[in-house]
Amino acid sequence: MSAYTGKMLKVDLDREEVIQVSTPLDLAEKYLGGAGLGAYFLYQLVPPEIKADAPGNAVILSAGPLTGTIMPCSGRISATTLSPVTGIFTDSNSGGDFGPELKFAGYDMVIITGQASRPTYLWIDGEKPELRDGAHLTDKTTWEADELLRKELGDWGIKTALVGPAAQKGVLYGSLVINKYRAFGKTGIATVLAQKNLLGIAVRGRKGVSLHDPASFEAQCDKILTSIKSSEGYSSYSKLGTYGVADLYQATGRMPWKNHQEAEIPKDLYKNICVDNFINNYKVRDVACFNCPIHCSHWFEVKEGRYGGEKGEKPELVSVMAFSALLGCSDLGAVCYYQNECNRYGIDMMECGNTLAMAFEAYQRGLITTKDTDGIPLEWGNLDSLEKIFEKIVHFEGFGKVLGLGVKRAAQKIGKGADQLAIEVKGYGMSLVEIRNAPHWGLAFATASRGGDHLKALPSIVGNHPKMFKELFGDQPPAEITSLMEIKGKGKLVAWFENYSAVVDALGICKFAYKVGWIHPEDLAVALSLATGIHYDLQKLLECGERICNIQKAFNARLGLTRKDDTVPQRFLKEPISSGPKKGEHLGAILPIMLDEYYEARGWNKQTGLPTRSTLERLGLKEVADDLEKTGHLSK
Amino acid sequence: MGMKVLSVDLNLCTGCRSCELRCAFTHHLECNPSKSRMRVVKFDRVGIAIPLFCLNCEEAFCKDICPTKAIQREKKTGALVLKEEKCVHCLACTMVCPFGGLHALSDRKMVKCDLCDGDPYCVKYCETGALRYVEVEEVGIQKAYALAEKLALPYLKSDPAMGLVSREE
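Here the protein sequences line up with chains A and B, keeping their order. If you count by our numbering, then the first sequence holds residues 299 to 934, one letter each, in order. If you count by our numbering, then the second sequence holds residues 104 to 272, one letter each, in order.
Okay, chain A solo, but in the shape it has when bound:
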């Protein structure tokens, strides 16, 4: 089958062995690749009795069929594992050049199991991938390690995925950093690899990805490229990336000021964070991932102030929220600095921000004092304190040993009701969006299979497309579906978008470029058919997405998760929001209504949230249904 390389690597660290096997192409038709095959293999390889830190846990790096092709924004790759932070399913997705390079080396996927007896790294170069001694990578920052490997392997073209010192020392939310500025950021992928003693992967490839019908595929890619570039969001995105919506979030009450105690940054401080300040004083030029016309990243330079001289890539909106709004800071230089620090030490910037914010609020409320925090006063906006406590976290020492566990576990350790301040879902910190002013995002956070996450659904439709709406959602009025104010229709909307997002993650392309409205989803089906030679229409494609969502769900159900886990933090269920269009409201009453509708759209049990046999069998997952029935996790 074209578009796949047809080969994958099995890395058994117990035996220090790397073997090549065929990519199961029959499964590829059902799960597409990327996050889809990742979820399939995780379900098969990691039974519920295995813990995240056990050698039996697996990490599956999987590119999609479109990764590395001329399809716009084809730089994505997924990493799937049992998360050490949450103890449930997770996958994390990265851009950059690593995914394409893996395909060019001739491999669709790498499945890593076992535990090496000493620090090791994996070198993938054409025909002879091998495990090498990685002692010299111990305690090196990901930036130092990247340079070391480049010198050692003697090639500017190598792409690296590296475990930083934080995960090596024990921080649970270690991110696997790709060539310094990209990462499999969320839910501790690097921590699992650190526990396996695999400190990095370097890859270089000189093979190609072949296509079923190259000429027609090229024409389809050109059509999609035109569609992306003529969409209404393109001009802002191509200049600012996700940062571009910061002003909108501030204006519509979606900023998480001081751990979501307020929904906007005080106006006098926001001028330091606003989009214009970034463009005029920090941004130098645009930077892109592999084959991406949007170039949503930027090279920045901090010219003056405490962090003057710091240079690097991004920040994203979520980085800005994590290290400004969430912590009561308003120094954009600090945001840039911590963006780099999180990449250097290899930790998830969002989870770090969430955990710190919980601790800062616990300090504000007197639940902890300087006696607990190694003498560091955790005051909102105090950059001296932030520097000191950040050091403790990345070196996993003192109070950092608590905060390095992630927001939920850290709050449990603190006790005294600190868990009420932990802004998390299923054990992972939320991606900082204030959901009381956008209820359907709240639903999406509640149901996301990897915990508090906005990207599993990303339920946004861009612009007004009445015809597309009719095709996608039948006769439901567009206003009802897209309006922030309406509750009705949101369950169906989120379920649809979860399926669609799973498709995009499985194909190895970028979710930001393939937003509904930027392109028509049907165009994806056409492109995939031309690339692989297998016929897909939108319905078949979305069914693959639904299958992927169901196997993720089944993995979590098998671990005992039910409807009670599909919720959002108490703060959003009980405390009225202080500003924005929904001022005075919370999600307490409406989340259950949206959830009912969501389970109905999914064909799952409304009372328990568990998958049903009929839905699983409709998707060809009879064995999964049998498995869940045996362990008592199938809807009765």
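Treat the hints as calculated values from the structure; they're not laboratory data. Errors might be hidden in some of the hints.
[What the hints assert, rightly or not] The calculated label-pair distances, taken between Cβ atoms and stated as ranges, are:
id : chain 1 : residue 1 : chain 2 : residue 2 : range
1  : B       : L250      : A       : E425      : 48 to 56 Å
2  : A       : D520      : B       : K189      : 32 to 40 Å
3  : A       : L451      : B       : I151      : 15 to 23 Å
4  : A       : P764      : B       : F146      : 43 to 51 Å
5  : B       : V237      : A       : E602      : 36 to 44 Å
6  : A       : S320      : B       : T197      : 31 to 39 Å
7  : A       : N579      : B       : V237      : 29 to 37 Å
8  : A       : R416      : B       : K189      : 52 to 60 Å
9  : A       : G882      : B       : F146      : 51 to 59 Å
10 : A       : E450      : B       : V149      : 16 to 24 Å
11 : A       : I577      : B       : H131      : 37 to 45 Å
12 : B       : V149      : A       : E695      : 27 to 35 Å
[Said to hold, decoys possible] Far from chain A, some chain B residues (derived; all Cβ distances over 12 Å):
id : residue
13 : R120
14 : T197
15 : P201
16 : L250
Where is the CB? At the ideal position from N, CA and C, for every residue including glycine.
Once you've looked at the hints, dock chain B against the given chain A.
The following block gives chain B in isolation, referenced to the frame of chain A:
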């Protein structure tokens, strides 16, 4: 008609490598940057990417050294085009080219920029306009314009109707 050449503005290059990918695709119908005539070298640490390509030199060492005269000047574009049927894969051209502008593939077959017969794909798919296909006299003039505009700025500001023409921001 004047002679057109490829030129690059490093400040506009995002390092996306679409030029590499599309170059290889248009010549080989596969997605494989290692078959590209264009090579982008990325220096992530300092946020810079350098696209490298054959400069189609006027005095071309590759053409002179070729024992079978496989490299010939195309009249229409001025490109030095490699005639595959004449090439004996001796690699001598790669040894004398000062810029690494020619590349051998794994089967020793050579690849060399042919300016896509006057409509280079690398330029067509360069999103920011970092790569351009311009009259040879144009290559330096944009930089000169930018400097001139900078020097003249105090005067230009006095008349808001004055439009700037340089591509540099």
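State the violated hints by number, sorted upward, taking the hints as numbered earlier in the document. Hint 13 alone not satisfied by this model.
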